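Chains as they are written, first to last, in the working numbering: chain A, 53 to 141; chain B, 53 to 141; chain C, 53 to 141; chain D, 53 to 141; chain E, 53 to 141.
Treat the hints with caution; some may be incorrect.
The list treats identical chains as interchangeable, and a pair is accepted whether it falls inside one copy or across any two copies.
[Unchecked claim] When the alpha-carbon atoms are kept at most 20 Å apart in a straight line, the in silico DMTMM-like pairs for lysine to aspartate or glutamate are as follows:
#1 Lys80 - Asp97
#2 Lys141 - Asp83
#3 Lys141 - Glu69
#4 Lys66 - Asp138
#5 Lys80 - Glu57
#6 Lys75 - Asp138
These are computed hints drawn from the structure, not numbers from a lab.
Since the structure is predicted, the reported quantities are computational estimates derived from the model, not experimental observations.
The primary structure of each chain is shown beneath.
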Amino acid sequence: MKICEVIGHVWATKKEESLSGLKLMVVKQIDVRSDWESIPYVAADMVGAGIGERVLVVEGSTARHALSRDNLPVDSTIVGIIDSLDVKK
Amino acid sequence: MKICEVIGHVWATKKEESLSGLKLMVVKQIDVRSDWESIPYVAADMVGAGIGERVLVVEGSTARHALSRDNLPVDSTIVGIIDSLDVKK
Amino acid sequence: MKICEVIGHVWATKKEESLSGLKLMVVKQIDVRSDWESIPYVAADMVGAGIGERVLVVEGSTARHALSRDNLPVDSTIVGIIDSLDVKK
Amino acid sequence: MKICEVIGHVWATKKEESLSGLKLMVVKQIDVRSDWESIPYVAADMVGAGIGERVLVVEGSTARHALSRDNLPVDSTIVGIIDSLDVKK
Amino acid sequence: MKICEVIGHVWATKKEESLSGLKLMVVKQIDVRSDWESIPYVAADMVGAGIGERVLVVEGSTARHALSRDNLPVDSTIVGIIDSLDVKK
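Bound conformation, chain A alone (with noise of 0.2 Å):
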């Protein structure tokens, strides 16, 4: 899983209809000893993600297993929002 924070939303009308309803938010992957940040992409949500939160995200096909709907096109989900991290220096 990735560690990324949530940055802002994305709409689009014309999309495979099973994506209707979906929350789908633009997310960074970030790294929590340095500045570094990836370049934005687009993950649903299923777990009420805020702006500015940090997140993971899973990828690939677990993306749609984390949808519990394994037929929907989604290659990335944010699984859960992330408390607090502890990580040696």
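Following the hints, complete the assembly by docking chains B, C, D and E onto the known chain A.
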């Protein structure tokens, strides 16, 4: 999902038969906060995207699921046309 | 499999229900021949790994298979603790 | 799908039995707008591609599906020969 | 498939039970046209590869299929020993 821009078309006469009839577009991943862009690659289009539009692209096994035909030899699919993005500065 | 070092823990109260009870560790991929290290990410631990240990991490759909529960929303899993490495200079 | 150029052949006598009879080509991903090219890798060819041709390559589980034999140990497959590309400058 | 060189062994006593008996090798991806090499990682060996040999490595779900046991927690597998490569300059 990646945030991409559609930048072209590709034609291939000699190909896997099951690809016939699929619309293949050239896309590049973009960064909504800078001029960075990825190496162009090819995605199947199921939503009627046009040149210059910003789209959502899924990859891997999800790209096949998005086409509702799990046996197609496709690993990138356009699943939505982006209307707007709201990203934290 | 990636060669990683365990460097921390992560806690997430609000998460996919099926993640409850899983031990989530922060890991970084390392280079056994230089000081290079990857951006830290999160893996489920099934072998009792501790901070500072070098481990083998699998990713993608294999990470779910490693947990013997194919429906868990996990895409990285620690599957072994490295005793020793013998690498050609 | 990646846009690649076929640049060579590879021979392996000692291999997984199920690979016998498959044509394995060395390819490199190319950038249609610059001289960038990837590290060469190996893809199975199902469309009769020749050295110097530009091709479409699929990866991951899709590469197995493209071979119509889901149990082959292949993770990259050439699925089309590119006739022409029309890319926005 | 990646073109790799076998550079070492790895031992892990504490591991997922299903990994017992598998031969795990340290490999690095190489560039057949330059001195570039990847960060070393670990692959299961099913073809009897030795240190210093150039091999074909598959990744992802294909690595499990290559082992003929879809439930093994392995995401990289050596599937062939390269006899020769013929690459365009």
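Between the shortest in-copy and the shortest cross-copy C-alpha distance, which are at most 20 Å for Lys66 and Asp138: within, between, both, or neither? Close across copies (17 Å), not inside one copy (42 Å); limit 20 Å.
Homomeric proximity label, Lys141 with Asp83: Cα distance no greater than 20 Å: Answer is both: 13 Å inside a copy and 18 Å across each meet the 20 Å cutoff.
Have a look at Lys80 and Glu57 and pick one of within, between, both or neither, based on CA distance no larger than 20 Å. both (6 Å within a copy, 18 Å between copies)
How would you label the pair Lys75, Asp138 (within, between, both, or neither) given a Cα cut-off of 20 Å? between (29 Å within a copy, 14 Å between copies)
Intra- versus inter-copy proximity for Asp97 and Lys80 (alpha-carbon distance at most 20 Å): within (14 Å within a copy, 24 Å between copies)
If the cutoff is 20 Å on CA atoms, where do Lys141 and Glu69 land: within, between, both or neither? Let me know, please. Result: close neither inside a copy nor across copies, 46 Å intra and 31 Å inter.
When each numbered hint is compared with the structure, a violation occurs for hint 3 only.
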